[in-house]
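*Asks:* The listed protein sequences derive, respectively, from chains A and B.
Its first residue numbered 1, the first sequence is counted upward by one per residue in my numbering.
Its first residue numbered 1001, the second sequence is counted upward by one per residue in my numbering.
In short, the hints are calculated from the structure, not lab data.
Idealized CB from N, CA, C, for every residue including glycine.
Don't take each hint at face value.
Stated by the list, open to error - Estimated spans, in silico, between C-beta atoms of each pair:
#, chain 1, residue 1, chain 2, residue 2, range
1, A, Q111, B, G1128, 36 to 46 Å
2, A, N64, B, E1310, 55 to 65 Å
3, B, S1023, A, N64, 17 to 27 Å
4, A, E108, B, G1128, 54 to 64 Å
5, B, V1209, A, K305, 44 to 54 Å
6, B, G1128, A, N402, 18 to 28 Å
7, B, Q1314, A, S367, 24 to 34 Å
8, A, S56, B, E1029, 27 to 37 Å
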Amino acid sequence: MADLSIDLAGIKSPNPFWLASAPPTNSGYQVQRAFEAGWGGAVWKTLGDPILNVSSRFAAVGFNGQRVAGFNNIELITDRPLEVNLKEIYETKKRFPDHAIIASVMVEPRQEKWHEIIKRIEDVGVDGYELNFGCPHGMAERGMGAASGQVPELVEKQTYWAKEAATKPVIVKLTPNITDITVTAEAAVRGGADAISMINTINSLAGVDIHSWNTIPHVGGKGAHGGYCGPAVKPIALNMVAECARNPAINVPISGIGGISNWQDTVEFLLMGSTGVQICTAAMHHGFRIVEDLVDGLSNYLDEKGISSVMDIVGKSVPRYSDWGNLDLNYKVVARINNEVCINCNKCHIACEDTSHQCIDMLKGTSGSSFLRVREEDCVGCNLCSIVCPVDGAIDMIELTNELPPMTWNERQEFLGGIGNESVDFVK
Amino acid sequence: MSMSSPIKGSLEMNFHEAERGLSPREALEESNRCLYCYDAPCIQACPTGIDIPSFIKKIASDNIKGSAKTIMTANPVGASCARVCPTEELCEGACVLNHSTKPIMIGNLQRYSTDWAIQNKQALFKAGKKNGKKVAIVGSGPAGLSAARELALLGYSVTIFEAEKNPGGLNTYGIVSFRLPQSISYWEVEQVKSLDVEIKTNTRVGVDVSANQLTADYDAVILAIGMSDVPKLGIEGEDLAEVYDAIEFVKATKTKALTDKFIGKKMAVIGAGNTAIDAATCSVRLGAEQVGIIYRRTQKEMTAYDFEYEFAKQEGVGFHWLTNPSRILSNDSGQVTGIECVKMVLSEAGEDGRRRPVPISGSEFVIPVDGVIRAIGQSRYVGLIEQFGIQHDDGVVILEGDSYKTSNEKVFACGDVIFGKGQGEAMVVSAAQQGKKTAYEIDLTLRGETVDIA
Chain A
1 MADLSIDLAG IKSPNPFWLA SAPPTNSGYQ VQRAFEAGWG GAVWKTLGDP
51 ILNVSSRFAA VGFNGQRVAG FNNIELITDR PLEVNLKEIY ETKKRFPDHA
101 IIASVMVEPR QEKWHEIIKR IEDVGVDGYE LNFGCPHGMA ERGMGAASGQ
151 VPELVEKQTY WAKEAATKPV IVKLTPNITD ITVTAEAAVR GGADAISMIN
201 TINSLAGVDI HSWNTIPHVG GKGAHGGYCG PAVKPIALNM VAECARNPAI
251 NVPISGIGGI SNWQDTVEFL LMGSTGVQIC TAAMHHGFRI VEDLVDGLSN
301 YLDEKGISSV MDIVGKSVPR YSDWGNLDLN YKVVARINNE VCINCNKCHI
351 ACEDTSHQCI DMLKGTSGSS FLRVREEDCV GCNLCSIVCP VDGAIDMIEL
401 TNELPPMTWN ERQEFLGGIG NESVDFVK
Chain B
1001 MSMSSPIKGS LEMNFHEAER GLSPREALEE SNRCLYCYDA PCIQACPTGI
1051 DIPSFIKKIA SDNIKGSAKT IMTANPVGAS CARVCPTEEL CEGACVLNHS
1101 TKPIMIGNLQ RYSTDWAIQN KQALFKAGKK NGKKVAIVGS GPAGLSAARE
1151 LALLGYSVTI FEAEKNPGGL NTYGIVSFRL PQSISYWEVE QVKSLDVEIK
1201 TNTRVGVDVS ANQLTADYDA VILAIGMSDV PKLGIEGEDL AEVYDAIEFV
1251 KATKTKALTD KFIGKKMAVI GAGNTAIDAA TCSVRLGAEQ VGIIYRRTQK
1301 EMTAYDFEYE FAKQEGVGFH WLTNPSRILS NDSGQVTGIE CVKMVLSEAG
1351 EDGRRRPVPI SGSEFVIPVD GVIRAIGQSR YVGLIEQFGI QHDDGVVILE
1401 GDSYKTSNEK VFACGDVIFG KGQGEAMVVS AAQQGKKTAY EIDLTLRGET
1451 VDIA
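Only chain A is shown next, with the shape it has when bound in the complex:
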């Protein structure tokens, strides 16, 4: 069995699965249950000055009858006294010394506030800190969370202040509610962050009840934006992780967060540069027991690939992620329909005909039977047909051999610049 243990900026845990700072890590009772179930670590629900919460806090978005494709919440940081949390962290760490406990922290952007809280937490034996610069609702209105996480200078300064007081590694958790996450990630690195984690939740309104006209959720007839997470945000999170992972200025480990629901999602985040992952929504949907398949599936995957340590796959796909300008313009794939497998729903035809490049013909065979065929010369290789196809193996995207050598947009522009000095405008 492969070694699943990780070392993220000096924080060790028996496996890469941590519970994210959220309702599941609200108390010692919960975190201990999680560790018993097999979680490798937990980021304790954000510590700070206790707040008041509202009633009616969560909402989920389903998709075609499946529940919890996305999840929205307006719950704030811990509403329990700091001493209670610290006592429970101490007890939990004592019972589970090999598991990682990270204290999520959020205070006002003042040096003395950061020094004060870090010093109080230091004594209870946490393995590290995660600075919550991401919470998008409520706390942001008070200048904390995402509000400070959106200002690179505040990210840098607060990281620096936390680092001044901390003897344990400091992870900076970033908000996705920003145009370019690498800017704040770089700011965290400049402030001395030992690692970064992303993403926190995305500003969201889960829905509007079309009968009562209330927001979903609502608090006595009034709503406010929440933070969006769950499977629906995974592609957004994965890109942000990848953008940071491939940025040479962001040379610290990444803890990946955002819609990770199973071991396969985990592998994707690891390949894209996460040293470990944090999970919340999937646990909230099914309970801590999901970790059994997370561990088992990851372990079987590594064994099957002959990889001895999970750390060996971290970042393996990062070199394959680049700018559009570095993609080969001469690479060509086309769709090919396997008529023996095709069930003739014609969804590929109408998708192509109406919304792509009109290259799938509906034809009749000599016996009068219907079949579909791609005019490969007109196919641009967009994948749309294979995306809408409901049957596995009915449409393959085939790589064509090309006589032309690979050439990227950037190479092309360089070449054109070299011979004619034409200026080429392009719209990104």
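Given the structure of chain A, go ahead and fit chain B onto it with the hints provided.
*Replies:* Relative to the frame of chain A, chain B by itself:
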């Protein structure tokens, strides 16, 4: 080439597994429909306690190896059970979705994962570190195999003694191929053998090796010998050549080339348990033109599973309820020509709690048939039980209290050999669970600890 060749070819097709497995897409969609209940009733309904939501979740996450392991950990004959369990009475019957939409196809999903493990030649378990203790198991059916698997994981040196040419017992010989192909049973056997379990086939305990020798040579002995042949009906004509023992009848279709002698024939099957259904559907697939089950009680009392009964009806098997055979008729050359029956009526409940059928005098009638199959239950290996010198009640081994201990402290028993009369039909899955529990009991006993399972 004889004229019968094309028909023979299609006979073989008839004995291929009737139900196709789920496609990957079907399995994915069905597994994602599972609610992944906590403290799920399906787990409690499974005699072996398979963590069903967990194995289904692993199909959804494409961790099929993990899924198969979850199944096989709890049930060493989980691939067979995926096919032969009365799921509508067990896991699927307990599925909470019965109260909401429709239950998850647990049996088919279980088959999907175990089929994957079979096709991908997965070895799911490793033998435990040897503890120096030796256990002999008599019989390699579901109970014996399960006990062997668990003991091997615990580090015991296990030797199974099997009278037949091949291991697997009921799963290898007793269940029709179109429901349970032999290859499935053999895979389960291989899984157990891969844990250094020795299986001595063609070795009949009581003949080739004595009971005393086993109790002398081993630290413990498990009697998992199942049941024997079908008893006689006790009526005139039953020694005719075309009167068959259902167990032997089914076994012949799994061990010999399929015969074409039943093509176009009329067959009667006496009894209405799962073996009767197997014999009847086997007859249909061997080409019999007309097959009727004769049962002295009604559909309500029959012990065959509902899905077996449904399957038989779909296969075109007819049912003569409240009918008892009184005589098998033959012509001058000794060929069966018919079966004389008498109509029955149910009176008050007997000792076993089932209403006793009594004949209606003067109601005799004849069903014209070319062959008769006896499927009225199975007799017991009384001789072998007595060789072990253990207490039994008419061939049913008597156990101490809630345990699997017999009256000989070295001898344990599980499976059909402990299955009492009038309890319906023993299930493969129950035998598997008994095998597991017997193994744990032996482990506790041999380690000298008190049997106190938390």
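*Asks:* Decide, hint by hint, whether the structure agrees.
*Replies:* Here is what the structure says about each hint:
1. For Q111 (chain A) and G1128 (chain B), the Cβ-Cβ distance of about 59 Å falls outside the hinted range of 36 to 46 Å, so the restraint is violated.
2. Between N64 (chain A) and E1310 (chain B) the beta carbon distance is about 33 Å. The supplied range of 55 to 65 Å is therefore violated.
3. The hinted range of 17 to 27 Å is satisfied by S1023 (chain B) and N64 (chain A), whose Cβ atoms lie roughly 20 Å apart.
4. Checked against the given bound of 54 to 64 Å, the beta carbons of E108 (chain A) and G1128 (chain B), roughly 58 Å apart, stay inside it.
5. Between V1209 (chain B) and K305 (chain A) the CB atoms are about 47 Å apart, so this pair conforms to the stated range of 44 to 54 Å.
6. For G1128 (chain B) and N402 (chain A), the hinted distance range of 18 to 28 Å is not satisfied, since their beta carbons lie about 57 Å from each other.
7. At roughly 32 Å, the beta carbons of Q1314 (chain B) and S367 (chain A) sit within the given window of 24 to 34 Å.
8. The hinted window of 27 to 37 Å between S56 (chain A) and E1029 (chain B) holds, with their beta carbons roughly 33 Å apart.
Against the hints set out earlier in the document, violations occur for numbers 1, 2 and 6.
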